[in-house]
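Trainee: Each chain, written out:
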Amino acid sequence: MYRKSIAAAAAAGLLLLVAACTSTPSGGSAGQVTLTYMTFNSPSLTPTFWKDSIAVAEKSVAGLTIKQVVTPNTDRDTYAKQLEASGQFPDLLQSITPSQYTGAGLLQPYDQSWINANFLLPQGNAIKGKVYIPPTNSQIIPLVFYNKSLFARAGIQPPKTWSDFLADCAALKAAGITPIELGGNDPFAAGIPLTGALSADVLGRHPNWLRDRYANKVKFGDTDVVAAAQKVRTLVTKGYFEDGALNVSYANSITNFNAGKAAMYPMGSWYLGSVPKDQWSNIGVFPWPTDDGSLVIPFAVGGSMAISAKAPNIAAATKFAQAWSLAPANLKALIEGDGAFPMLKGKTLADYHVTVSPVFTTSYAYVTDKNTKVSAIGWATSDDAMPGALNNDFYAAAQALFNTSDVQGQMNKLDQAWSTATQ
Amino acid sequence: MTATRQAVVGVTPVAVPPPRRPTRTRFRRIRQDGGLGVIAAVGLGLYLVFIVVPVLLSLRSSFTDQNPLKAQSNFVGLNNYREMVHDSELHATVGYTLLLAVGVTVAANVLGIAFAVLLNRTSLSYRTLRTIAFLPQVISGVIVGFVWKTILTQNGLLNNVLVHIGVVGQPIDWLGTPHLAMLSVGIVVSWVLSGFTTVVYLAALQHIPPELYDASSIDGASAGQQFRMITLRMVAPATTISVTISLITVLKLYDIITVLTSGGPANATESTAQYIVKLAFTSDRFGYASAVAMALLLLSAVIALSVTGLLRRREVGL
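In order, the protein sequences belong to chains C and R.
Quick note on numbering: the first sequence equals residues -13 to 409 in our numbering.
Quick note on numbering: the second sequence equals residues 20 to 337 in our numbering.
Bear in mind the hints are in silico, worked out from the structure with no lab data behind them.
For clarity, every value in this text was computed on a predicted model and none was experimentally measured.
Virtual Cβ for every residue (Gly too), placed ideally from N, Cα, C.
Any given hint could be a false lead.
Said to hold, decoys possible - Chain R is nowhere near these chain C residues, computed Cβ spacing over 12 Å in every case: (1) Q18; (2) T32; (3) N59; (4) A66; (5) G115; (6) H192; (7) V204; (8) L232; (9) K247; (10) T276; (11) A302; (12) T348; (13) Q409.
Said to hold, decoys possible - Per the computed footprint, the stretches of chain C lying under chain R, defined by three or more beta-carbons under 8 Å from a beta-carbon of chain R, are: (14) 67 to 73; (15) 93 to 103; (16) 281 to 294; (17) 305 to 314; (18) 378 to 384.
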């Protein structure tokens, strides 16, 4: 009897364990539906922001309950794939790279007429003509932010050309001011200058470069790409980055720049959300400079959430996603906290009731003005997205440029990695 | 039923005690044995479900081109294993992981035995210190990574102290240059593992009979001689356990490096475990990642068995 009861308890325990490890369908009783929504936290996208924004959008779909799944870090794609591998692919996925999933048919495209009706660049992040993430906002990656008072102290102006930029760096260094801040301990941040150089110099002259790379018509090892990467190496060898730039975390780089410890800060436009109010009039911005001074804007249209093709109720998921994507309060938080440039049709900044810095307004003008926009290499989520693992290799190459003069070798390595990633 | 039985040979009936009636104690014992059997069966079942089956599934996956985003996969034979021969990034990660395993194992065990000797006292203050010494082992690797990242970055605690007291003029690039980053990871992991090794050695030290030290003192042995001839020999079984577990821990190291350096700069501190995760969930090459995982499992098993065998033989020789 005793043994039987232990065996029964053990069997029940095992069953519970198995049940706990098995994914269950998210549907509920008639009229009720539960959907999982993968989000991520950042200094500007806080748990409170998600809780509030989800609650508002949830109300637009009767009977819907959203179960939030928070990624352990900002690498949404890796976590989404781990969830897929364990049979728990979320029904809604915030800010992922859709190109990594569309080949496997895991995402549900949005209705194009809804996209066309609501967004300024309906095809801004389309993949083979289909939109998997509402193009609610955009970023410029990178812009170069600068400290006006430090520029004035060194007697320099924002550069127009690459040679102006080098001259400014030299003047700053001569004045005892660290020219460039970089949080290179975080690989993505180390990759920002290389993104700037390649986007401006290579894609600026050859906007279809990434698609041609997929077609094997061009390579990272080509002379023009190596020359662009060499520019980053030049900044390293001349000592223009702050000392120990790869030993500085991304978070510390923001603190350092805001505290006036360096004169320039190449970073994605999301930095606009971190400009302290007391620095609003002291921080300026210019695009990554090109050789001839032509204006090239490395651009990426981001957006809100993708919908899983396996969601138990795609209609409810779509309704929720649409409501969340168009909610002015969500965009207000993204504009103010994450420096996002809104891309909703028929709306101006004033419509979002936001309070933004002058440097935000200047930066946003690069989006709304007519100019040469190219895909920000490594950040675009459209057909110009790099194959999955390439971003990590790109960041590693950027970090390597701080410790090796073999720029050609690093670019060749990217070509090898590309071949492996696309085989 | 008779209580006696005839001896097979001989005439005298031999009194044989009747079979004992099961007593309450025996019942309890039977129950306990049965209970233990059930518990063992549950443990074995869990081991099968959570260890053996996943390993077998990984083994099967290693012969396929499985992609985590695709339902179908194809059998590719030994292609994944062949690819490993030419994978330079894999070779680099294995090289670094082995270097780290050897360096950290030596450092953690030297630190462990040193701390254990220092803390081998019975007073309350030493008991408190022992708890502190074990702390690194109980803290999550992710937290350890974050804490040490704060200490080692350019404006971190260590550089501030070193610059302030004039040991260095400029902050040291602990995590920014490949060799220093590799060393920094080694130091952090050694610190974590020293908590474990200290406890193992401390337990061993407490089982050394004090008479051995008393006798050697009478014979005029110095403290150094006592340490070499008594302490080191008597803790030999603990050394076997400590060294083997340290090696295995480092061979599968993932969390601390991920937080501390993300495998950088330029993949210099990427461990094999990190590479496996990258292959599986960034490159979407689950099949190849499984093959690398199988190779790492085999490598770990070979190293662990060899080291254990070697140290066991050493124990016998001492």
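Trainee: None of the hints should be skipped; say for each whether it holds.
Mentor: We went through each hint and held it up to the structure:
| no. | hint | verdict |
| --- | --- | --- |
| 1 | Q18 | 29 Å, holds |
| 2 | T32 | 19 Å, holds |
| 3 | N59 | 9 Å, violated |
| 4 | A66 | 9 Å, violated |
| 5 | G115 | 21 Å, holds |
| 6 | H192 | 27 Å, holds |
| 7 | V204 | 22 Å, holds |
| 8 | L232 | 3 Å, violated |
| 9 | K247 | 9 Å, violated |
| 10 | T276 | 27 Å, holds |
| 11 | A302 | 24 Å, holds |
| 12 | T348 | 30 Å, holds |
| 13 | Q409 | 9 Å, violated |
| 14 | 67 to 73 | holds (count 4) |
| 15 | 93 to 103 | violated (count 0) |
| 16 | 281 to 294 | violated (count 0) |
| 17 | 305 to 314 | violated (count 0) |
| 18 | 378 to 384 | holds (count 4) |
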